[in-house]
Every structure is written in structure tokens, then in C-alpha cells.
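Student: Let the sequences and hints guide you as you build the complete structure.
Residue numbers (our numbering), protein chains in the order written: chain A, -6 to 156; chain B, 24 to 266.
In case anyone wonders, no lab produced these hints; they're calculated from the structure.
Even for Gly, the Cβ is constructed at its ideal location relative to N, Cα and C.
Some clues are possibly wrong.
Ranges of calculated distance between the beta carbons of each label pair, as one might list FRET restraints [claimed, not checked]: (1) B:E259 with A:F104: 29 to 35 angstroms; (2) B:A165 with A:A13: 54 to 60 angstroms; (3) A:L90 with B:E206: 46 to 52 angstroms; (4) A:N3 with B:G178: 41 to 47 angstroms; (5) A:L122 with B:G178: 53 to 59 angstroms; (6) A:R137 with B:L129: 44 to 50 angstroms; (7) A:P43 with B:A168: 39 to 45 angstroms.
Facing chain A, a subset of chain B residues (Cβ under 7 angstroms, in silico) [said to hold, decoys possible]: (8) D112; (9) T120; (10) P131; (11) L135; (12) D224.
Here are some chain B residues the structure puts well away from chain A; computed CB gaps all over 12 angstroms [unchecked claim]: (13) A136; (14) G148; (15) Q152; (16) D155; (17) E161; (18) A165; (19) G178; (20) I189; (21) E205; (22) E206; (23) R234; (24) G237; (25) L238; (26) G255; (27) V258; (28) D261.
Residue-level listing of the chains:
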Amino acid sequence: MSRIAHFFENPWLHRILAVALGAIFLYAAHDKLLDPRPLVTIIWGYRLVPPQLTNLIAIYMPWMELLVGLGLLTGVGRRAAAGWATVLLVFFTTALLINAVRGINVACGCFSTSAQDVQNAWLLALRDLPMLAAAMVLTFCRPRRWPPPRSGAPRSSPSPVSG
Amino acid sequence: MTRIAVVAGRVNGRPRPAPLHAVARQTRRLALVHAVIPVGGKAGRAIRHGPKYRQKHHGAAENSRQTQSPRRHPAMLSCHAMRGHLIRDMAVLLAATLVLGTATNLIPGRRLAWLGAGQQPPQAGVDFQWMDALSANEIRQALPAAIFIDTRGPGTYGEGRIPGAIHLSYTELGQALPAGLEEDMRRADLVLLYGDTEDADLEQLMAQELRRRGLAPPYILAGGMPAWQAAGLPVESDSEVEP
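Tutor: This is the structure in C-alpha cells:
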């Protein structure tokens, strides 16, 4: 168990996951930011939110994706960005799974705003799971300090075990 | 009287635990009366098992240690739940999203109604009407002023399209239309949109946009280009048109 925890606290693992996830979110935000109007139809196509809210989601979600991508790539507010990535991916995956259970293959709206981009909802949900796992690792596991402190190094502050 | 239990253990990459007299000085500085230092197997278990073990075996003393300790032990900093900073930073990110989204939605030309009032999903019979391939072909021959609009990509448009159809993508519709096209569509007997999917989501959206610009509700080819080809109706390509 400790080995698994040790692996998830690897700072290089965190950097790789953050860059990969950040790039994915930036790419996903690109089309939607240029023109959010087709996104309205895609969100409506999920048939999960009331029509009054579809526009609000189309207005704000691309910006959230952009900020999450930038946060993960640059490291500024990385945990907060990863936290929002987790929230978004939980939302996306749940929406896809609900439509998969309904037997509806929706236009995902994940990486393009084309309503013609209809794919198998089960596969789309499956595709989201590794991203969700990465976002959760970045949110809930704190990376070890790098480089690790040397055992012989002089103490600059009181030892944690000294009271 | 305050009592404290200090859990000491050997952790890889960190100095050995301080000797007893150093701990005593530190505890005196913090005005603590008592110091208990379990070292060895018990300390290792305490670190491995985490707060529950410490709470069970040290009770109130553990709580006191947590509040008075100047630093947390690194072994206790591993995979942990959300804390105050995370919530605060997420709130900042949300606020930035709200500001940016609101600001950009005020830009003319890309404005969406806040509550969907002006951008309801397109509705058949209101924003557009369906037409099957055979009827569309008859109208194409009977009404020379009918305009057929191909919404697919430029490549597929060049490979094969309904004869006389013009290409117009949704993105182009959002920008300035080619000179005179909007006026031509106003004068046309009929405007028909077609793509290559059965749902024709994009064509529905385009029809809604055209209607928003004051045009009569256009028609959408049911089944799109695949239905047209399946009916064996004529198709033209760029190679046939070019000399």
C-alpha cells in the first residue's frame, strides 16, 4: 500500500500528468471559445439540464476549461485546477454514462463543437476515466518535495519530532 | 496542565529523531509539562496507521500535539483530503471563470442569451422543415430560384454534392456572408440545407440562425447527402465542373 502511495507522490508523475491533462483541456477549450453557439445544441443534446441553463453552461464552461488547462500547464494554482478538472470530468462522465444507459449516442462536444461528431457514449465515458483518475491523483495526492532533503544536512528549523 | 505525546520515528531521508534532552528543552519552551516519546515499533505503527491509531492510543494528548506542533510530520502529509487552501483556490478559479465568461459574452456578435431565451434549441416546424430527397430533387428542377446549401467540409463538398449547391459552413455563417448571398437567400423560392448526418444538428442550428436574421424557415434534407445518394439522384463534383 505504501508503495502505491509512494508512486502517486512522485513529483515527476505529477508533472507529466499535469502537462498532459492541461494540454487536453486547452485543446478542448479552443473550439468552444472561438464560437460557443454550437455548444448550446450539443449541451441540449444531452437532455440533462433545463433549456434555460444550457446557455449559461455554454458561456462559462469553455473558460473554466481554459483556466484549468493553463493552471495545470503552468503550475499556478495547480491543485485548484486539478480540483476543477475532477469536478468537470465527473460531470462529463456521468452525463455520458446516463446517455449510454438511455441508449443515446450523443455528440460529445469534448474536443469540437461539431454536432455531427456523434460517437458511442460508452466509449466516450471510458475515454474520460483515465483523465478522471489523473485529475484525482493531482488533486488528492501531494507530491513529495524534490530534491528530497539530505539526511546529513544541517537543520534550518526544528525537527518535527522535537516537540 | 497540558500533556503532549510526541511520536518519533525514523523516516527515510530525514535526520534521526532528536534525543530526549532536546525534546525536553523544546517542550519547556512551549510551556509543556509532560513529554512522552514512544520510539520503535509503536512509533512506526503510529506513523503507518495515521491519526486513528494515534487518537486511540494517545487520545487528548495527540490533539494537543497537533495544535502545538510547529510543523507536521512529512509522513502525515501524503494523500490527503481537500483542505482550506484548495477550496479557496478553487473559488478564485471559479470567480475568474465567471468574470471572463461574462465579459466575453457582452461582445457583440458572439452574444448568447443568458438564460437561453434567445437561443432555444431549434424546433421543427418553427425554425425549419424537413424535406425528403425525392421531393427536394423535384423542387430543384421545378424552381430555378431554389438555393441548396451544403454544410459539410470543403473536401467532401468538392468530391460530390447536389448539382448547383453552394458551400456554407456554420462558422462562415457566424461571420460575414459572401456578398449578396444573404440577399439571394431572401429572394429565393426555397432554401434547403443538407449535411451528412441523419440528425442534422448543425443544419438545424444554421436554420435557426438564418431565421434569426429574418429569412423564411429553410428546409433541411432528411437523411442528408447519404439519403440523396441512396435514392440514386444526380451528384456533381469539382472535376466535372472544371473544364
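Student: So, for every hint listed, does it hold in this structure?
Tutor: A quick look at each hint next to the structure:
Hint check: E259 of chain B to F104 of chain A, Cβ distance near 33 angstroms, so the stated range 29 to 35 angstroms holds. Between A165 of chain B and A13 of chain A, the C-beta spacing of about 57 angstroms keeps the proposed range 54 to 60 angstroms intact. Restraint check, L90 of chain A to E206 of chain B: a C-beta distance of roughly 48 angstroms satisfies the suggested window 46 to 52 angstroms. For N3 of chain A paired with G178 of chain B, a C-beta distance near 45 angstroms keeps the hint of 41 to 47 angstroms intact.
Separated by about 33 angstroms at the C-beta atoms, L122 of chain A and G178 of chain B break the suggested range of 53 to 59 angstroms. Separation of R137 of chain A from L129 of chain B is about 45 angstroms and conforms to the stated range, judged on CB atoms against 44 to 50 angstroms. A hinted range of 39 to 45 angstroms holds for the C-beta pair P43 of chain A and A168 of chain B, which are about 41 angstroms apart. Of the supplied interface hints, the one on D112 of chain B holds, with its beta-carbon coming within about 3 angstroms of a beta-carbon of chain A, less than 7 angstroms.
Look at T120 of chain B: its Cβ gets to within about 5 angstroms of chain A, closer than 7 angstroms, so that hint holds up. At a threshold of 7 angstroms, the smallest CB-CB gap from P131 of chain B to chain A is about 14 angstroms, leaving the interface hint violated. Checking L135 of chain B against chain A: minimum C-beta separation of about 5 angstroms stays under 7 angstroms; hint holds. With 7 angstroms as the threshold, the beta carbon of D224 of chain B comes within range of chain A, its nearest partner Cβ sitting at about 3 angstroms, so the hint holds.
Against chain A, the non-interface label of A136 of chain B is violated: not every CB pair exceeds 12 angstroms, the least being about 6 angstroms. No beta-carbon of chain A comes within 12 angstroms of the beta-carbon of G148 of chain B; the shortest separation is about 17 angstroms. Chain A leaves Q152 of chain B outside its interface by the beta-carbon criterion, the shortest separation being 18 angstroms against a cut-off of 12 angstroms. No beta-carbon of chain A is positioned within 12 angstroms of the beta-carbon of D155 of chain B; the least distance is around 20 angstroms.
The Cβ of E161 of chain B lies farther than 12 angstroms from every Cβ of chain A, with a closest approach of about 27 angstroms, so its non-interface assignment holds. For A165 of chain B, the requirement that its beta carbon stay farther than 12 angstroms from each beta carbon of chain A is met, with the minimum near 30 angstroms. At roughly 14 angstroms, the least C-beta separation between G178 of chain B and chain A is larger than 12 angstroms, which holds for a residue marked as non-interface. Under the 12 angstroms C-beta cut-off, the non-interface status given to I189 of chain B relative to chain A holds; the minimum distance is some 19 angstroms.
Distance to chain A confirms E205 of chain B as a non-interface residue, since its nearest Cβ pair spans about 18 angstroms, more than 12 angstroms. Chain A leaves E206 of chain B outside its interface by the beta-carbon criterion, the shortest separation being 23 angstroms against a cut-off of 12 angstroms. Remark: the non-interface label on R234 of chain B is consistent with the geometry, its nearest Cβ contact in chain A lying 14 angstroms away (cut-off 12 angstroms). Against chain A, the non-interface label of G237 of chain B holds: every CB pair exceeds 12 angstroms, the least being about 18 angstroms.
At the 12 angstroms boundary, the C-beta of L238 of chain B stays outside the reach of chain A, the nearest C-beta of that chain being 17 angstroms off. Taking the minimum C-beta to C-beta distance to chain A, about 24 angstroms, the non-interface status of G255 of chain B holds against the 12 angstroms cut. With a minimum CB-CB distance of about 20 angstroms to chain A, V258 of chain B clears the 12 angstroms threshold, and the non-interface call stands. With a closest Cβ-Cβ approach of about 22 angstroms to chain A, D261 of chain B is found to remain outside the 12 angstroms limit, as its non-interface label requires.
When the structure is compared with the earlier hints, violations turn up for hints 5, 10, 13 and for no others.
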